[in-house]
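Colleague: Now for the letters of each chain:
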Amino acid sequence: MRHIISILIENESGALSRVAGLFSARGYNIESLTVAPTEDPSLSRMTILTSGSDEVLEQITKQLNKLIDVVKVVDLSEAAHVERELMLIKVRATGKDREEMKRMADIFRGRIIDVTEATYVIELTGAGAKLDSFIAGIDAGLILETVRTGVCGIGRGDRILKV
Amino acid sequence: MMISGAEIVIRCLQEEKVDCVFGYPGGSVLHIYDALFKQDQVKHILVRHEQAAVHAADAFSRSSQKVGVALVTSGPGVTNTVTGIATAYMDSIPMVVLTGQVPSFYIGQDAFQECDTVGITRPCVKHNFLVKDVKDLALTIKKAFHIAATGRPGPVVVDIPKDITAQMCEFEYPKSIQMRSYNPVVKGHLGQIKKAVQILKEAKRPIIYTGGGVILSDAAQKLTELAHKLNFPVTNTLMGLGGYPATDRQFVGMLGMHGTFEANNAMHYSDVILAIGARFDDRVIGNPEHFGEEKRRVIHIDIDPSSISKRVKVDVPIVGNVNDVLDEILKLMDADFKTDPDVANWWKQIDEWRSRDSLRYTQSEHIMPQFVMEKLYEVTNGEAFVTSDVGQHQMFAAQYYKFDKPRRWINSGGLGTMGVGLPYGMGVLMAHPDAQVACVTGEGSIQMCIQELSTCKQYGFPIKIINLNNGMLGMVRQWQEMFYSKRYSQSYVTSLPDFVKLAEAYGHVGMKIEKPEDVEPALRKAFTEHKNDLVFMDFIIDPGANVFPMVAAGKGLTEMILAEDL
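Residue numbers (the working numbering), protein chains in the order written: chain B, 1 to 163; chain F, 1001 to 1566.
It is possible that part of the hints are untrue.
Stated by the list, open to error - List of simulated lysine-lysine pairs, PhoX-like, C-alpha gap at most 20 Å:
| no. | chain 1 | residue 1 | chain 2 | residue 2 |
| --- | --- | --- | --- | --- |
| 1 | B | K66 | F | K1187 |
| 2 | F | K1338 | F | K1222 |
| 3 | B | K66 | F | K1143 |
| 4 | F | K1187 | B | K62 |
| 5 | F | K1222 | B | K66 |
As the list claims (entries may be wrong) - Ranges between beta-carbon positions, derived for each pair:
| no. | chain 1 | residue 1 | chain 2 | residue 2 | range |
| --- | --- | --- | --- | --- | --- |
| 6 | B | V82 | F | K1187 | 33 to 41 Å |
| 7 | B | V82 | F | K1135 | 39 to 47 Å |
| 8 | F | P1184 | B | N29 | 26 to 34 Å |
| 9 | F | E1559 | B | G155 | 42 to 50 Å |
| 10 | B | E12 | F | T1079 | 22 to 30 Å |
| 11 | B | A80 | F | G1191 | 25 to 33 Å |
Honestly, the hints are just simulated from the structure, not real lab data. Built from N, CA and C at the ideal position, the CB exists for glycine as well.
Construct the entire structure; sequences and hints are all you get.
Modeller: Next comes the structure, spelled out in structure tokens:
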């Protein structure tokens, strides 16, 4: 099962390596990991996309809570939440492909943020699956480079992760 | 008044009432050693290898409940401590390890004796710190002691760059500490505790299974009270020995891979397990699938939520400090609490298992290691602190030395570190200077920290070393005999030193004992005539002696191999 774990962690050097080290030492998956300081600069918020059985997920949350720097842990996917991922994709945009790329970006509500004679950089946000289908939808030979942030997510409505 | 970082370190130790530190000096900690020199409140024990400093601090803590402290220099000083830190981590021992670091402006430049201490130790500490500002030093050390000793205890490393120890700063030691990210639970959930009491009432084939948590939370007395009230059988893990008096009728012995026949059967066929401060590890329950075949209800008390339902599914989890939770349970068990009448039948069954006498062994013309342990128990009236190394001798000590009190059995259970026995003896003696200390070891293990014989001479540690010498790495040989068709690959130790001469070379007393009838007199002599000497007793034992009962790896708890089967 796919799970999104949100972590509030003290914004200290080495905090990331404690979390990453825990996952590798105990053999848990990390499919993606994003981290940045929150509105309170002493805290960072980390989002980890992982997978595993219920037992494994129970251990992951317990083990994360055990880390001294971790303030709070929530499994976002347990209840209503929204998730987004950002992708920047550089594509070849020449001849008839130039028009086609523009059209595809529009369909996916992407934005072209860099233009040269031969290339576009398209910015796209959405759930991971949407970004995957964009990639699947264009000619693979035209993709020059992609970069993705990994998932970040937040609970809906009253679900708030705060100290 | 401004004082140096080095002086702050020492002042912090004084504030924490630390009266001894085990360590080894070097470049990065010279300022700290200078500050240490200028006072006499904190005593320093100079070891011969940093690994031993950490083991000794660890045993100081195991035997006394106080936080052990080690002090080492950067680079190799730190890497040498890693085994000791990991050993303490696996057994949840509260300890603070202060490590020197190269000056902060050299960090990351591959300076002389630099290593990434925080990175190297991270997977085997409860927490670690790199101090970056002298203003944070006192608070960091306060945090280190707080984290080490509270919740599920564990080792904490504080890495201090040399320039920080030279800088001047006002000293103020924080009285208390608040950390938003660290608030361990102490009291158990009352609803869960009530549920547990109800289940205990209904239990027909109960067992109380306890581990190191009982000892760490000083709950031995409460456990005994509870067990007597319930009239349930009690089994201990290797780490839990002494948590319940071994000479009590309700004690069925240690369980697990080398547990007694009655303990393993009672655990397997129980309908209710009251697990207290234990973690159902692989050496305890054997094959988890086999263990899961029996239907039973499990109540699990542990301060660490991640230990609950990790390997065995638990019906009533109670997160909290064992001592506090047992207190609550006792309060909830009203005066007319009655154990189910069927428990009497369960005791009949247990006594039948007990009558197999699974620890029986056959004497031979050689000295049997079990016999040495029995005699050690007699000669010391069961009152000694017994440290052990790792291997067959460790199991013999655990099986045959009946510990009635907690904190008397000092061994590396989780990590299984050979070489701990001798430095453990040093740590125990710093906590209990007048105690009888026996180090049960083998000719393999003792050589892993043998250099500490020199430290023992310097400080006059009168440890009695019980070397069960079979010329073999006994436990390795036992497995090779049983599971590798007697292909004794690298388990035979040749070129052993003359241990008597070796002990004498270090200025100690050496004895070689080769006949069964000489065992007791030698032990008596060591503990009376040589009370104040370190005595190295080299017992030449039966090379074929094996540890039984035994649950082979991957087998179920009840699939024991008994000595009588062979």
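Colleague: For every hint, state whether the structure bears it out.
Modeller: Right, here's what the structure says about each hint:
no. : hint                          : verdict
1   : B:K66 to F:K1187              : holds, 17 Å
2   : F:K1338 to F:K1222            : holds, 18 Å
3   : B:K66 to F:K1143              : holds, 16 Å
4   : F:K1187 to B:K62              : holds, 18 Å
5   : F:K1222 to B:K66              : violated, 27 Å
6   : B:V82 to F:K1187: 33 to 41 Å  : holds, 37 Å
7   : B:V82 to F:K1135: 39 to 47 Å  : holds, 42 Å
8   : F:P1184 to B:N29: 26 to 34 Å  : holds, 28 Å
9   : F:E1559 to B:G155: 42 to 50 Å : holds, 49 Å
10  : B:E12 to F:T1079: 22 to 30 Å  : holds, 24 Å
11  : B:A80 to F:G1191: 25 to 33 Å  : holds, 28 Å
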